[in-house]
Amino acid sequence: MHFTMENGSFALCAIFLELALCWAFAMFVDYTGESIGIVVENDPDRVRGTHPRNHLSSVYYYMFQDVHLTMVVGFGFLGTFLKRYGYSSAVPNLLIAAVTLQWATLCQGFFQMQRGKIHVSITNLLHADFATLTTFISFGAVLELTTPIQLIVMVICEISDVGVSMLVHVFGAYFGLMVSCVLRNNRPEKESVCITLPTPDLFSVMGTIFLWLFWPTLNASLAQGDAQHRAVINTYYSLAASAVVTLAIGLSSFVDKKQQFFTVHIQNSALAGGVAIGTAADMMIHPFGAIIVGSVAGLVSILGMVYLTPGINRKFGIRDPCGIHNLHGLSGLIAAFVGAIAAALATEKNYNYSLYRQFPARTAMGKTLDYWDIQYHVENVQPGLGRSALGQGAYQIAALGTTLAFALVGGLITGLILQLPFFNQAGRNAFTDDES
Amino acid sequence: MHFTMENGSFALCAIFLELALCWAFAMFVDYTGESIGIVVENDPDRVRGTHPRNHLSSVYYYMFQDVHLTMVVGFGFLGTFLKRYGYSSAVPNLLIAAVTLQWATLCQGFFQMQRGKIHVSITNLLHADFATLTTFISFGAVLELTTPIQLIVMVICEISDVGVSMLVHVFGAYFGLMVSCVLRNNRPEKESVCITLPTPDLFSVMGTIFLWLFWPTLNASLAQGDAQHRAVINTYYSLAASAVVTLAIGLSSFVDKKQQFFTVHIQNSALAGGVAIGTAADMMIHPFGAIIVGSVAGLVSILGMVYLTPGINRKFGIRDPCGIHNLHGLSGLIAAFVGAIAAALATEKNYNYSLYRQFPARTAMGKTLDYWDIQYHVENVQPGLGRSALGQGAYQIAALGTTLAFALVGGLITGLILQLPFFNQAGRNAFTDDES
Amino acid sequence: MHFTMENGSFALCAIFLELALCWAFAMFVDYTGESIGIVVENDPDRVRGTHPRNHLSSVYYYMFQDVHLTMVVGFGFLGTFLKRYGYSSAVPNLLIAAVTLQWATLCQGFFQMQRGKIHVSITNLLHADFATLTTFISFGAVLELTTPIQLIVMVICEISDVGVSMLVHVFGAYFGLMVSCVLRNNRPEKESVCITLPTPDLFSVMGTIFLWLFWPTLNASLAQGDAQHRAVINTYYSLAASAVVTLAIGLSSFVDKKQQFFTVHIQNSALAGGVAIGTAADMMIHPFGAIIVGSVAGLVSILGMVYLTPGINRKFGIRDPCGIHNLHGLSGLIAAFVGAIAAALATEKNYNYSLYRQFPARTAMGKTLDYWDIQYHVENVQPGLGRSALGQGAYQIAALGTTLAFALVGGLITGLILQLPFFNQAGRNAFTDDES
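Residue numbers (the working numbering), protein chains in the order written: chain A, 1 to 436; chain B, 1 to 436; chain C, 1 to 436.
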């Protein structure tokens, strides 16, 4: 991984960016009340000094730390199977994470400012980690096309765009593919860049395994109460099913040495179950439903790789070296539809009390859903919209349409920005020369 | 890792298996009450919407996630030191885990069905992870002898047999060795298959380190209250002692390059302390007792490797490439005897109130031990048997005998099933060709 | 990694050490009350069997387990970039950890003995892990100079010296450099020993990533209440800033293949933010303050490596193959000064109620700060000293001076002890021969 920019312009840009972030943090970011020892008046605990609400909520902190771990270790090592990207995949991912964690704090907090300040708690750090996930997915589509400066610019554009969408996989995949399509002429001439290592790479297996193991925590980390239990259980079985289906097919296809590249993608298809259960993970889809979703997602991911990807790539001139369309794109679409169907089938009989916490908009029009949440230490008062079950399902599909539109338009604009002479300079392919 | 089954019969078998699992889940498996928002009537929290008992119990969820991580990362990478098993050890382990997590849910839940349904909670996921541990141990004994289909069949037979035994190491080791003995004629002719890599393998070190670090959580995850503290502390010191003893011996023996294979086994002997303290981890054996157990287990594991293994292997025609007899078999036997002695020495004076929770059978005949458990959110009412301390110790030994019998008979039957022409087909050694 | 001591004297020494530790544990170490089922009299929970205070405090246990993981995985793999230390870095680190975890229990517990016994709880295990951190840092400075026996002796001397200082990075770095200076004539003649691997090493990247990800937990694990929130948030942003600054500079400098060694150090400089924020992590320095500290620490770490290290090494005849002076030494000094400044600026207005928990000595003279701590389950009664804000800042600087003095004098004495003929025998460089 050599840079061809001898002038160190990338270092200067990054330091300038860090200065700008520092200024923005000084202006707009501060702690939340739970981080500065504010206690409720007249509270009996006060005289004892430590207010219980000020303690770290343990499940929550634990889940944050595990999501944090999974993002960088899982995605950092997933891409190491590419012959000349090994070191490049892990170190730039760390750099991307370091930028996005700060920038996402600002972008996501902008909409929740109180008296001109973004009050950060561990919730914000967790949301920033999910924003990082989006950029890692897109990185997989463009890693052979961008200079480091372009990569940082892309990440900044993408975070500004994604907001706090729950459909991070769909967004990340189609945003990245659109950028990749715009930049397709930057492709290096030697196609050999993406040939995989001669032996199957255990680091990439490690990345897959970390993601496979922690995906239940990923899907459960934003859920609450009984929904969190369901998110863990559903994701666990969905991943098991997709691993059985895809690894069985993958191992059976290990006939030809030339299919090594192919097989790494199959290995990643074991994760399709985790993506595809994402939206519906905390809904009442029952363990067998999770197994069906996982099996179907695994199959679709593999079939997409064999029959769909070659056509798409030829038609749009892209390449998708990490197969993100099959893992994140297709599985993300499945997730949206499964979520919509599960939402349309949700009744008070199935969900008991948690129906209105799961779908607050279904609370009767004008009524407020008043509950005190132990985990987040906040009182939520949300006005109901009286939405029906079918209406909720339709709303989920509409959210998918919006996400796709934002991803494609955002990716197009970002790609055009990256084509500006200012960014599109020397240093192309800087991340790719691991060995030459 | 190439498959010689060009016909894809393995993929078809696995997909059929997944369909069967899906059907069984649809018939028999559903959520527990805590996962579906059921709240206790007349509960003051109800009006606030989120019932505290529906929240994830944090220690418990955390321990499940760490056990889950350790199983697949730890055991997946332990076997990578074998020259031609690197990739094969990690990926098939993931496949085995994916099958057993589902199948164990059914087998273990079968005995706890309520109105025809298995109600799964995170407890079930944790128990399923321990069942996976058993199959990973056995896998180490047969990985050069089985086809992928045979491996899946073995795992299914083994899980049906092991139930919820606490002596998972003893069971897994002797079950695997018995299967290995029955299948001994399937051994590939080229003995070179198991030669280790020319350089010591850091992936296998990583597997060892993960297991060494997380073993306190493994041993503590099923304990409660003060017993959980003891399980952590005892395991921590036992592992430290076995690491000092075995690594010191191991490093001193690094004289000859040809002993590389030998040294990897020594490295694994650092884990013997964790296995040997298993049964007594939550008992009052005190830190110095844990250090004695760990030191002895480390020594026995190494001496077994040098003096016992060659004789056993020659006599029974097996090979044990991963040394599971020394790490899991012998250390598991030590664990059972240490547990029996500790149980025979348990008095109300030592254990205070927790004696009867630790050994419920020692509660006076007919009396019930009524306690409310914070972690599991259940009221346990267990009728006492008035068992004496010595009786409890004898009972632990009897449990060892039963486990051994089930392991050996189960392994024999499983080995014979695998010899059936239907399973014993082409594709032998399919997992072994990492590089040729 | 071959040993040249054919006589196995190292194994005998280690076994003798383990016996001595076992004797000391039998004499002096036992469980705390929470591990033996002692319940408070007249407690309403008593009749229900499980006392809440006997349950594992989940955040606390979780943080212990993660610190434990990070120490061995993070530091174990950090050193694998050295060509001939790969295996040697991970396995001896495990041995060091196994020795120090036991020895630190005795040394740290010695000062808190009650009725002749050290009562160990998970708190003790966590403190022992931090002692291990100190020895890992020093190990980086001497790994090419010591025999295994010298290494164990050094670790035992160091733990006896470090006590429970919060400035573990400063202590570990200057202790190790002083030992390295005393032993400088033991240097192997072939300088090639420390040449890095031809390709950048992903294992060392993995070590860096684990430390980068878990550093928030490291810094937060000994804090409480709202201070714990601040420790997580401040460390998170400080690390992000130092990663952006150092990786940007590092990637821009990847011009020349011969700078590979250099670049691994830059990679480690991404961690400087975690070290430099250490002392002030739980103080009110605000997110932008954390970003400034992280950026400055990253820059200082890199500039130190380029301009300071060559001069220091030439002047004192040391080498510092792992660059510990830049990562731990300089960043540790920054940490001490940042902590002093933050303490001098602390007011009741900024900190609300938590001021007196953060700085108990500032409580009015003779008054006691009476609070009940949920996490540690203890009632702390600490007499105030009426110290002023400036006085507190000066006290922090004085603590730095004391730590430096103990480190340098302790390192000198330890180095002289290691020079004794008894320890300074054959077997030099035993850990360095990974491949020859």
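In case anyone wonders, no lab produced these hints; they're calculated from the structure. Some clues are possibly wrong.
For each label pair, taking beta carbons as the anchor points, the in silico distance ranges come out as [to be verified]:
1. Ala398(A) with Gln114(B): 52 to 60 Å
2. Lys349(B) with Leu412(C): 20 to 28 Å
3. Leu12(A) with Leu12(C): 34 to 42 Å
4. Asn352(A) with Asn313(B): 52 to 60 Å
5. Pro421(B) with Asn352(A): 49 to 57 Å
6. Asn352(A) with Ala26(B): 18 to 26 Å
7. Leu12(A) with Leu345(C): 28 to 36 Å
8. Leu345(A) with Gly391(B): 50 to 58 Å
Short, incomplete list of chain C residues facing chain A, as computed with Cβ under 8 Å [stated by the list, open to error]:
9. His229
10. Ile233
11. Tyr237
12. Leu247
13. His286
14. Pro287
15. Ile291
We put the beta carbon where it would ideally sit given N, CA and C, even for glycine.
Evaluation of the provided hints:
no.: 1; hint: Ala398(A) with Gln114(B): 52 to 60 Å; in the structure: violated, 41 Å
no.: 2; hint: Lys349(B) with Leu412(C): 20 to 28 Å; in the structure: violated, 50 Å
no.: 3; hint: Leu12(A) with Leu12(C): 34 to 42 Å; in the structure: violated, 59 Å
no.: 4; hint: Asn352(A) with Asn313(B): 52 to 60 Å; in the structure: holds, 58 Å
no.: 5; hint: Pro421(B) with Asn352(A): 49 to 57 Å; in the structure: holds, 53 Å
no.: 6; hint: Asn352(A) with Ala26(B): 18 to 26 Å; in the structure: holds, 21 Å
no.: 7; hint: Leu12(A) with Leu345(C): 28 to 36 Å; in the structure: holds, 32 Å
no.: 8; hint: Leu345(A) with Gly391(B): 50 to 58 Å; in the structure: holds, 55 Å
no.: 9; hint: His229; in the structure: holds, 4 Å
no.: 10; hint: Ile233; in the structure: holds, 6 Å
no.: 11; hint: Tyr237; in the structure: holds, 7 Å
no.: 12; hint: Leu247; in the structure: holds, 4 Å
no.: 13; hint: His286; in the structure: holds, 6 Å
no.: 14; hint: Pro287; in the structure: holds, 5 Å
no.: 15; hint: Ile291; in the structure: holds, 5 Å
Checked against the numbered hints listed earlier, the structure breaks hints 1, 2, 3; every other hint is satisfied.
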